[in-house]
Amino acid sequence: MFEAIRYWIGTIGHPDARALGFAAGGLGIERRYRKLAAHWEPHFAHCRALNSWWMRAQSPRLGASPSLAILGAGRLFDVDVALFANHFSQIHLVDADPTAASTWRQIKHRIGNQVSVTSHLCDLTGCLKLWTDYLLSVDLPGSGPAARDRLLSEVARLPETVSTPRNDELNPIFAADAILSTNLLSQLLVFLQHNVEAVLTKRLGRAAAATQDDWVLSLRRPGKALIANHLARLTRLGAQTVLLITDLEYCNYSGTLRFSPSQFQPPPALWNAKQDEWVVTDKSVTTLERIDALYGFDLEGWFEREAPAWQRRLHPPWLWHIAPQGVESRDRGTIHRVAAWEFWRASTP
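Start counting the sequence shown at 1062; every next residue gets the next number (the working numbering).
It is possible that some hints are incorrect.
[Said to hold, decoys possible] Below are the DSSO-like pairs computed for lysine-lysine, each with C-alpha atoms no more than 27 Å apart in a straight line:
1) Lys-1263 / Lys-1190
2) Lys-1263 / Lys-1285
3) Lys-1285 / Lys-1335
4) Lys-1285 / Lys-1190
Calculated from the structure, these hints are not laboratory results.
A quick note: this is a predicted structure, and the numbers were derived from the prediction, not measured.
With the hints as constraints, model all of the structure from the sequences given.
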């Protein structure tokens, strides 16, 4: 009940955040964190440690009174705010979820005498509402398989069909001296999938979205366009250095496991980078399913082609046991493989 009240109060004046799922997604993360803190905190602690490592390595490249933009700020579980307050004169908190505002007010109260904190509520895709509205308006031949095929073909063509207007209001954010994109990149694709699924269901019924194997394939082109657009914004305005933290892969497993929500236990599968495979460490696991969190987007290739003036460092990937089996689902658990790229302008001394 309390969460529902927060949802409705928090989204007053923000209908898009309600319609596109941003507010529900943010509150869902908060609720799951309270339940799964023992399993989530190692991941968040790793992210905060990377914040510190990044500052030690990159602060000499920043000028006097530098600014920082934190993209995907949310509840700031994965951000060392106190650390950044010691390095920056201005911090921009950026997220699409208006229910994060209470957390941001607390942060402003805590460090507001030390640093200028500005909050921005915006959809960093710049196009998700336009795409969703377009799909809701497409003429379809009835409601059968032909209509579904037509709608999915329009999904695949979204980047070419729907032009995205320039949004110069975002320029001050992306022109910050340093940018932290924290656990956001793969979430852009999660919200894309969520909204396409909602359109399929609304226009053609639940059965149209029940089998994901085919319709998720239609998301690859628009999904990759969202990633490329985000990377371009990170590297083509004023930033001198960027830390990008993102999911790379989801591993779903099933077996007879029953994890405790309050006590950390290692996940039942580990990542073998040399062999590019998951290694099961618990004999009770019977199945593994691998899902590319970035739809096959080649991050390294993009940097080589599109950002040759930037140097970069890939930090070793780590695992986030985001949904231990037996806590949220009796039949399945999920592990995320996460990585961080630190990049900076090569021309910077």
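Taking the hints in turn, this is what the structure says about them:
1. Lys-1263 / Lys-1190: 16 Å, holds
2. Lys-1263 / Lys-1285: 25 Å, holds
3. Lys-1285 / Lys-1335: 26 Å, holds
4. Lys-1285 / Lys-1190: 17 Å, holds
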